[in-house]
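J.: For the protein sequence lines, the chains are A and L, in the order given. Position one of the first sequence corresponds to residue 441 (my numbering), numbered consecutively onward. Position one of the second sequence corresponds to residue 253 (my numbering), numbered consecutively onward.
Source of the hints: derived by calculation from the structure; they are not laboratory data. Take the hints with a grain of salt, since some may be wrong.
Said to hold, decoys possible - These stretches of chain L come out as covered by chain A in the derived footprint (C-beta under 8 Å, 3 or more residues): (1) 291 to 302; (2) 306 to 318; (3) 380 to 387.
What the hints assert, rightly or not - Interface residues of chain A toward chain L, partial, derived using beta-carbon atoms under 7 Å: (4) Arg442; (5) Gly443; (6) Leu598; (7) Pro619; (8) Arg664; (9) Phe665.
Claimed, not checked - Non-contacting residues of chain A with respect to chain L, defined by C-beta distances greater than 10 Å in every case (computed): (10) Ala472; (11) Leu483; (12) Ala487; (13) Val564; (14) Leu566; (15) Leu605; (16) Ser607; (17) Met616; (18) Met668; (19) Thr703; (20) Ala718.
Cβ coordinates follow ideal geometry from the N, Cα and C atoms, glycine included.
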Amino acid sequence: MRGWFSMIEFLVAPFEFGFMQRALLGGVLVGAICALVGTYVVLRGLAFVGDALAHAAFPGVVIAYLLKGNIYLGATIFALATALAIGLVSRRGRVSYDTAIGILFAGAFALGVLLMSTIHGYTVDLFSFLFGNVLGISQRDLLLVGLLGAMVVLTIILFYKELLLLSFDPTTAEAMGYPVQALNHLLLGLIALTIVISIQAVGIILVVALLVTPSATAYLLTERFLRMMILGVLLAALAAVIGLYLSYYLNVASGAAIVLVSTCLFFLVLASLRLWKARRPRA
Amino acid sequence: MDKKPWKYCLEVRDLAAGYDDTPAIEGITFAIPPGQMVGVIGPNGAGKSTLFKAILGLIPRQRGEILLHEAPALSQRALMGYLPQLEEINRAFPVSVEDVVMMGRYPRVGWCRRPGPTDDESVRQALTRVDLLPHAQTQIGQLSGGQQQRALLARVLAQDPHLLLLDEPLSGVDATTQHAIFALLEELRDNGKTVVVATHDLNCVVERFDLVLCINRRVIAYGPPKEVFREDILDKTYGHHLMIVQVGDRRVVVADEHGH
Numbered sequence: 441m442r443g444w445f446s447m448i449e450f451l452v453a454p455f456e457f458g459f460m461q462r463a464l465l466g467g468v469l470v471g472a473i474c475a476l477v478g479t480y481v482v483l484r485g486l487a488f489v490g491d492a493l494a495h496a497a498f499p500g501v502v503i504a505y506l507l508k509g510n511i512y513l514g515a516t517i518f519a520l521a522t523a524l525a526i527g528l529v530s531r532r533g534r535v536s537y538d539t540a541i542g543i544l545f546a547g548a549f550a551l552g553v554l555l556m557s558t559i560h561g562y563t564v565d566l567f568s569f570l571f572g573n574v575l576g577i578s579q580r581d582l583l584l585v586g587l588l589g590a591m592v593v594l595t596i597i598l599f600y601k602e603l604l605l606l607s608f609d610p611t612t613a614e615a616m617g618y619p620v621q622a623l624n625h626l627l628l629g630l631i632a633l634t635i636v637i638s639i640q641a642v643g644i645i646l647v648v649a650l651l652v653t654p655s656a657t658a659y660l661l662t663e664r665f666l667r668m669m670i671l672g673v674l675l676a677a678l679a680a681v682i683g684l685y686l687s688y689y690l691n692v693a694s695g696a697a698i699v700l701v702s703t704c705l706f707f708l709v710l711a712s713l714r715l716w717k718a719r720r721p722r723a
Numbered sequence: 253m254d255k256k257p258w259k260y261c262l263e264v265r266d267l268a269a270g271y272d273d274t275p276a277i278e279g280i281t282f283a284i285p286p287g288q289m290v291g292v293i294g295p296n297g298a299g300k301s302t303l304f305k306a307i308l309g310l311i312p313r314q315r316g317e318i319l320l321h322e323a324p325a326l327s328q329r330a331l332m333g334y335l336p337q338l339e340e341i342n343r344a345f346p347v348s349v350e351d352v353v354m355m356g357r358y359p360r361v362g363w364c365r366r367p368g369p370t371d372d373e374s375v376r377q378a379l380t381r382v383d384l385l386p387h388a389q390t391q392i393g394q395l396s397g398g399q400q401q402r403a404l405l406a407r408v409l410a411q412d413p414h415l416l417l418l419d420e421p422l423s424g425v426d427a428t429t430q431h432a433i434f435a436l437l438e439e440l441r442d443n444g445k446t447v448v449v450a451t452h453d454l455n456c457v458v459e460r461f462d463l464v465l466c467i468n469r470r471v472i473a474y475g476p477p478k479e480v481f482r483e484d485i486l487d488k489t490y491g492h493h494l495m496i497v498q499v500g501d502r503r504v505v506v507a508d509e510h511g512h
C-alpha cells in the first residue's frame, strides 16, 4: 500500500509546480508538432535542411534580443530567408543543394555567434535559446506555441494529400499540374515555423532531433503514412514526459533529457525489431 | 466527360525542347484526333521521352505550341495522364497500392478536400482492371516490377484523363501482362480516349496502332502504319537498315544483318 502511494507521489509531485505544468504542456505540444512535420523530414531526407534552418534562426534571435524585439519574429525571418537563399544558390546547378545548405548553415550561425560575442555581459538568456529551457516557458510562450502549432496542424490537414503526393512522387505531381515549387516552399515554411516554435523547448542545436527521431522510430513500426504520423506524435509526447521527469529528479537539462529519451526509444524499438526478426524463421 | 467533338485532341506545332540550350527535339508538328491509338517510335535518344515531358510541361519548351482540345495544354494537365518509363518509384515510402492509385484522383477531388465514395469506387475499378485488387493494401515497395507498372497504370486510369502518354509501358513486363495492358489501352481508345505510346517494339506497332509517329530529333513520318512502315522511312528513323518481312498474313520488322 505504502509502495503504491509513494509511486503516485513520485509521479505527481513535480506537477504541483506551475512551471512544471507549463513545461509538460509545452514539451508535449512541441514534441507533437515536430513529429507531425518530422514525418516529411524523415521521408524526404530533409534532416540537414532542418538542422540548417534551426541554426540559421540563431542570428535572428540574437538581433531580436539586441533590439529588444520579438525573438520568435527574428527567428522566423532568418529561418525563412535562409530557406529562400538555399533555393536561390542551388538553382543554377553548379552549386548542389547539399553544398548550398552547408554554406548558408554555417555562415548564418557564425553571424549569430559573432553578434553574441559583442554582448559583454549577461548572455545566459541567449544560451537558453541554443540549448532550450522548457522549464522557463511562460503562459505567453505557451499561447504562442499553441497558436503557431495550430497553424501548422491546420496547414497539414488542408494540404494533406497534396503534400503526400509531393513527397512520394514530385514528377507525377508536376505532370498533373500541381505547383511543385510552391508546395516545396510551403513544406520548408512549415519546417521553419515548427523549428521556431521548438526553440524554447529544446533549443536550436537539438531541435533537429525532435524533427527526426520520433518520426524515424515510428517509421520502423508501420508501413502506413498516417499511422507513422500518429505514432510519431505519441512517441514524441512520451519522450517529453519521461524527459521532464528525468530533468526534475536528476536535475539535468530538460531539452537534452527529452532528446536522449527519444533516442533511447529509437534504439529500443530498433533492437526489439531486429531480435524479433532473428527469432522468427524466414517465411 | 464532355461530349463536345473536338477536331483534334492533341496538337503540337513547331515544338522545340531540350534539357539545356540545344534542343533535343525540334520542328515537331503533328495533330491527333480523339479516339486514336498512336505509337511513337524512334531509336534511343531520339527524343520520345523528351516529347512527352515537353507536352506535360516537365521540361520547358524552347519554341512552339502545345494544345489540348484547342486550348493550351499546360493549363489542363489534369486531363493528361502520364506513365513514365519504368523508373525508380519511391519503394520505401509508407503508402499502399490503394493510396498510390488514389493519387490519380487528387486533381478531381480538388484542393483542401478529402476523397469521397466516388473516388473510392474509381480506385477500386481501376485496381480491378489491372488485376491488382487483391494487393490494394500492400505497401508499394513489396510489389514486383510488373505489378508496380500496373499500379501506376491504375493510377492513370483512376485519373480518367482524355489523353494518355505512356512511355515504354510494355518493357519490363511479361508477355501475358503486355497483352492485357494493350487490351486495356484499346478499350480506352474505343471509349474515345487518345492513347499515345512510346515503344521499342516495332512489331506490336505494326499490328495495333491507328497512327505512327516516327521521331529522330525531328518528325520523320506520321501516318497510319501502312504508310509509315516502309523500309526507307524506318531507315531514316533508325539510322540503320531494317527489313520488313511478310510472315504469313503479318508483317514483321527485322534488323537487316547484311546491311543492304
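J.: Against this structure, judge whether each hint is valid.
T.: Evaluation of the provided hints:
1. 291 to 302: violated (count 0)
2. 306 to 318: With 3 residues closer than 8 Å to chain A, the stretch 306 to 318 of chain L meets the three-residue bar; holds.
3. 380 to 387: Violated, because only 0 residues of the stretch 380 to 387 of chain L bring their Cβ atoms closer than 8 Å to Cβ atoms of chain A.
4. Arg442: Nearest chain L Cβ about 47 Å off; hint violated.
5. Gly443: At 43 Å from the nearest chain L Cβ, Gly443 of chain A fails the 7 Å test, so the hint is violated.
6. Leu598: Leu598 of chain A check passes; min Cβ-Cβ to chain L is 5 Å, inside 7 Å.
7. Pro619: violated, 11 Å
8. Arg664: With a minimum Cβ separation of about 6 Å from chain L (threshold 7 Å), the hint on Arg664 of chain A holds.
9. Phe665: holds, 5 Å
10. Ala472: Consistent with the label, Ala472 of chain A stays out of reach of chain L, its closest Cβ about 19 Å off (over 10 Å).
11. Leu483: Incorrect as stated: the minimum Cβ-Cβ distance to chain L is 6 Å, not above 10 Å.
12. Ala487: holds, 15 Å
13. Val564: Nearest chain L Cβ is 43 Å from Val564 of chain A, so the label holds.
14. Leu566: holds, 39 Å
15. Leu605: violated, 5 Å
16. Ser607: violated, 7 Å
17. Met616: The claim breaks: Met616 of chain A does not keep its Cβ more than 10 Å from every Cβ of chain L (closest is about 5 Å).
18. Met668: violated, 5 Å
19. Thr703: holds, 22 Å
20. Ala718: Ala718 of chain A is indeed farther than 10 Å from all Cβ atoms of chain L, at 21 Å.
In terms of the numbered hints stated before, the structure departs from hints 1, 3, 4, 5, 7, 11, 15, 16, 17 and 18, listed from lowest to highest.
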